[in-house]
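Asker: What follows is each chain in one-letter form.
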Amino acid sequence: MGNKLVTFSEQQLDNYQDCTFFTRKEILRVHKKYREIRPDLVPKRMRKNEQATIRIPVEDITEKLPELHENPFKKRICEVFSRDGKGNLSFEDILDLLSVFSEQAPRDIKVFYAFRIYDFDNDKHIGPEDLDNALILLMRQELTPEDRQQIIEKVIEEADVDGDGKLSYMEFEHVITRAPDFLSTFHIRI
Amino acid sequence: MSRYVNEEPIPMFEINHPEPGPSRHSHYDHASGDSPRPTMVVSGHRKFNTIYAGPQDNFDNHADKIVAKMEQHRALMEDTPISEQLRKEALRELPQCLTMKRCVKKKLSKSISRKSQRNPIGFWKRLKYRLSIKVAKTRHNFKHFNYFELWHGTLKDIEGHFGSGYASYFKFLRWLFVMNLLVSLMAFSLITVPQIIYDSSGTNGTVRNTRHFQLQNIFIGDGFFKETVLYYGHYTHNTIALVPYLSFYMPAAYFSVTVILYLLSFFILGVSVAQSYRRSFIETEGGLQNIYANKVFCGWDYAIATEEAAELKSSAIYHELKELLSESYETEWDRSCFYKFWTCTIQAVVNILILVVLVGVAWACWSLLEQFSFKGDGSVLVTTVAVNIIMMVFPIIFNYISKCRGKHPESEFDISKHTLQIIYNQALFWVGFLYSPILPALVTVKMFIIWYIREGCVRNFCKPPRRTWRAAQTQTFFMMLIFVTLVLIVAGHGYTLKSISPSDCGTFRNYERMYQMVTRGVANLEDDHLVWKIVIYITKPGAIALIMIEQAFAQKEKVKMLRDMLVWMSKDKKFLNQMYTKVTRGDVIGVRDNRFMDPSHILPYEVHGYSTEDVDSN
Numbered sequence: 001m002g003n004k005l006v007t008f009s010e011q012q013l014d015n016y017q018d019c020t021f022f023t024r025k026e027i028l029r030v031h032k033k034y035r036e037i038r039p040d041l042v043p044k045r046m047r048k049n050e051q052a053t054i055r056i057p058v059e060d061i062t063e064k065l066p067e068l069h070e071n072p073f074k075k076r077i078c079e080v081f082s083r084d085g086k087g088n089l090s091f092e093d094i095l096d097l098l099s100v101f102s103e104q105a106p107r108d109i110k111v112f113y114a115f116r117i118y119d120f121d122n123d124k125h126i127g128p129e130d131l132d133n134a135l136i137l138l139m140r141q142e143l144t145p146e147d148r149q150q151i152i153e154k155v156i157e158e159a160d161v162d163g164d165g166k167l168s169y170m171e172f173e174h175v176i177t178r179a180p181d182f183l184s185t186f187h188i189r190i
Numbered sequence: 001m002s003r004y005v006n007e008e009p010i011p012m013f014e015i016n017h018p019e020p021g022p023s024r025h026s027h028y029d030h031a032s033g034d035s036p037r038p039t040m041v042v043s044g045h046r047k048f049n050t051i052y053a054g055p056q057d058n059f060d061n062h063a064d065k066i067v068a069k070m071e072q073h074r075a076l077m078e079d080t081p082i083s084e085q086l087r088k089e090a091l092r093e094l095p096q097c098l099t100m101k102r103c104v105k106k107k108l109s110k111s112i113s114r115k116s117q118r119n120p121i122g123f124w125k126r127l128k129y130r131l132s133i134k135v136a137k138t139r140h141n142f143k144h145f146n147y148f149e150l151w152h153g154t155l156k157d158i159e160g161h162f163g164s165g166y167a168s169y170f171k172f173l174r175w176l177f178v179m180n181l182l183v184s185l186m187a188f189s190l191i192t193v194p195q196i197i198y199d200s201s202g203t204n205g206t207v208r209n210t211r212h213f214q215l216q217n218i219f220i221g222d223g224f225f226k227e228t229v230l231y232y233g234h235y236t237h238n239t240i241a242l243v244p245y246l247s248f249y250m251p252a253a254y255f256s257v258t259v260i261l262y263l264l265s266f267f268i269l270g271v272s273v274a275q276s277y278r279r280s281f282i283e284t285e286g287g288l289q290n291i292y293a294n295k296v297f298c299g300w301d302y303a304i305a306t307e308e309a310a311e312l313k314s315s316a317i318y319h320e321l322k323e324l325l326s327e328s329y330e331t332e333w334d335r336s337c338f339y340k341f342w343t344c345t346i347q348a349v350v351n352i353l354i355l356v357v358l359v360g361v362a363w364a365c366w367s368l369l370e371q372f373s374f375k376g377d378g379s380v381l382v383t384t385v386a387v388n389i390i391m392m393v394f395p396i397i398f399n400y401i402s403k404c405r406g407k408h409p410e411s412e413f414d415i416s417k418h419t420l421q422i423i424y425n426q427a428l429f430w431v432g433f434l435y436s437p438i439l440p441a442l443v444t445v446k447m448f449i450i451w452y453i454r455e456g457c458v459r460n461f462c463k464p465p466r467r468t469w470r471a472a473q474t475q476t477f478f479m480m481l482i483f484v485t486l487v488l489i490v491a492g493h494g495y496t497l498k499s500i501s502p503s504d505c506g507t508f509r510n511y512e513r514m515y516q517m518v519t520r521g522v523a524n525l526e527d528d529h530l531v532w533k534i535v536i537y538i539t540k541p542g543a544i545a546l547i548m549i550e551q552a553f554a555q556k557e558k559v560k561m562l563r564d565m566l567v568w569m570s571k572d573k574k575f576l577n578q579m580y581t582k583v584t585r586g587d588v589i590g591v592r593d594n595r596f597m598d599p600s601h602i603l604p605y606e607v608h609g610y611s612t613e614d615v616d617s618n
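Quick mapping for you: the protein sequence lines, in order, are chains E and U.
Take the first sequence: its letters are residues 1 to 190, numbered as in UniProt numbering.
Take the second sequence: its letters are residues 1 to 618, numbered as in UniProt numbering.
One chain only, chain E, in its complex shape (with noise of 0.2 Å):
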């Protein structure tokens, strides 16, 4: 699959490893799935700066990688992993997104950004809209709005503590740390 000494040096995939939860083999592999997806963009050495500063737009990214083109989220995914906030990631930045989808990941820092995936306007809060936005792009099948209203408002009356009607940080975390299946369904394997 390519000398590694060629795609990068020494000193970066030792930067990389420390930096995510890969190792080498999975760092070069998840470097050749991003070529794939432009390789009129991506260069096959990436030695200078190519890897902070290349970027593969939004559109090319969810239609062709497919770890993430069958995933109702994977604009919401690429935008909060992307240094513009558009969703046009670089390498670095795909990097980082599958890292937090590995299984070496702990607990804490997929909350994180699970957190952040559902803030879908960035307010710091998981409101009604972003559960209706949530629920839209879920579901293929229509729900009815009165039955997604319904379903907004369990899910508000499950996990709110302080009462105003919307989710914090903290509100969220003390729901999904107790689901049992959040590690293993936040998880895409590289």
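It should be emphasised that the hints constitute simulated quantities derived from the structure, not laboratory data.
The C-beta atom is built at its ideal place from N, Cα and C for all residues, glycine as well.
Some hints here could point you the wrong way.
Unchecked claim - With beta-carbon atoms standing in for the labels, derived distance ranges:
1. K88/U <-> R38/E: 25 to 33 Å
2. R38/E <-> M391/U: 50 to 58 Å
3. I397/U <-> E36/E: 44 to 52 Å
4. P43/E <-> E323/U: 31 to 39 Å
5. R38/E <-> L566/U: 44 to 52 Å
6. S132/U <-> I136/E: 51 to 59 Å
7. E142/E <-> C337/U: 35 to 43 Å
Claimed, not checked - In silico DSS-like links for lysine-lysine, alpha-carbon gap of 25 Å or less:
8. K110/U <-> K48/E
9. K105/U <-> K25/E
10. K154/E <-> K574/U
11. K107/U <-> K48/E
Once you've looked at the hints, dock chain U against the given chain E.
Answerer: Chain U only, in chain E's frame:
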């Protein structure tokens, strides 16, 4: 998960974004025309969560701030391998983008090398550090023994096509396969290989195989196989000279290798079960009542990669949510006493029926074994065939019964059934290993074949599941099942080692009881030695059981107390919130102290009485 357990309690982790635009840390390439406004920036790891207020910072500045915060913790800033490990962990868990993390790492190492230049470490210390780095690395590699790469492609493919539910079966199979492979390698190399060498050396005492191979021997395993390394009976009781001047005492090897491998399996399984239980039951207790939140936030399986699986998953979540909604609409009549009574009796009757059937089957197997197993000819197969027929037929019957109860059996890949099959396979392995050191190798090969058969079966004949599979808790259940199986089998073998006298063939033929291999052969301890009295006294099962039960109760109390504290704290916050708004609005209302202290009472003020503008603590 916190490695910093002894430090201050984990502070609240608040997220504040500079503005809705850039979604990560402060914008690297400045948006022009933005007037600097006070912003608050997340600085990462929980331990370093200060909130920095000030004008919009640039990239480097932000990194400096994070480094400054990290430098305050002495444990991180030393030049030792442990410190380096801690730094790496802190870096990985920093919720910043990768570019920021690399910047922080560079600054950190500069700062550390500056510090160490000021106090250089001596030669011996450096050597010690290098050694401990190597040790830590090997320990790390051992802990994360990367068998994850085995069959990785297949697993990913199945996850993508069918979801994490089916994949959990394959992950379990792979884990057991690796464990069995290691056991079989050790048993083969340490017991069987010396025996083979001994046999081929032709010294006096070796038994040559006088029987000829016939095809039917494969089915029963007698005849030719009786005098091969397949069975315990063939192993010698002599000392073998593998290499000149190095003797190899076969009974000791046999005993110690088998016992150690059993204990190792026991230990590994025990640890896995405990971790699994903690993760899926203890840490999540109280979370099972958040059904809607769990469904919305954790409903989607991120591993899905095909259109078909995504459609099915989405419709599964849809139907499950609709079901939940309709259950909450149910009328009073459905919950009437009569209905509940009826369902209860039906369940009780069915359970008793199943229990009766199971007891009947067990009795039938036992009597078949008694009648047919000792004749030494083909009739020994009768029990085997009967057991297999039972295992094929009865699940269908039970499925039919459960259908009457209103359940819907899956027509897709039945994860439970197949997992139970591999657990049964594993139980056979453990029962037979003591008497046949080659059995592990055979079972490992069998599991290898099972993998490919199941994979083909799933790909070609199964469709993705229509309902969500509760992976975490069922995995824990299966692990517990397999652990209990191992415990029972080890207990059975323990009884054999202690009380059954070995037969006239085989490696323990000179001992009255197998455990005497250790006591007499190695430690020269007679039966009524003082050591035994002490050991027996300490290891009385009752004493150990009492201690463990007491421990378990103590832990449970502790967990309950901590949980109550959490509830207290959140109710306090709610209460204080409302008090604050009340006071700032001008009304001061007296508080009743007894309510304030008791978390199980509801708060003095109903939340719904206030509009949301009042309860704004920002």
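Asker: Look at each hint and say if it fits the structure.
Answerer: To see whether the hints hold, each was checked on the structure:
| no. | hint | verdict |
| --- | --- | --- |
| 1 | K88/U <-> R38/E: 25 to 33 Å | 32 Å, holds |
| 2 | R38/E <-> M391/U: 50 to 58 Å | 53 Å, holds |
| 3 | I397/U <-> E36/E: 44 to 52 Å | 51 Å, holds |
| 4 | P43/E <-> E323/U: 31 to 39 Å | 51 Å, violated |
| 5 | R38/E <-> L566/U: 44 to 52 Å | 48 Å, holds |
| 6 | S132/U <-> I136/E: 51 to 59 Å | 54 Å, holds |
| 7 | E142/E <-> C337/U: 35 to 43 Å | 39 Å, holds |
| 8 | K110/U <-> K48/E | 21 Å, holds |
| 9 | K105/U <-> K25/E | 22 Å, holds |
| 10 | K154/E <-> K574/U | 19 Å, holds |
| 11 | K107/U <-> K48/E | 19 Å, holds |
Of the hints listed earlier, the one the structure fails to meet is number 4.
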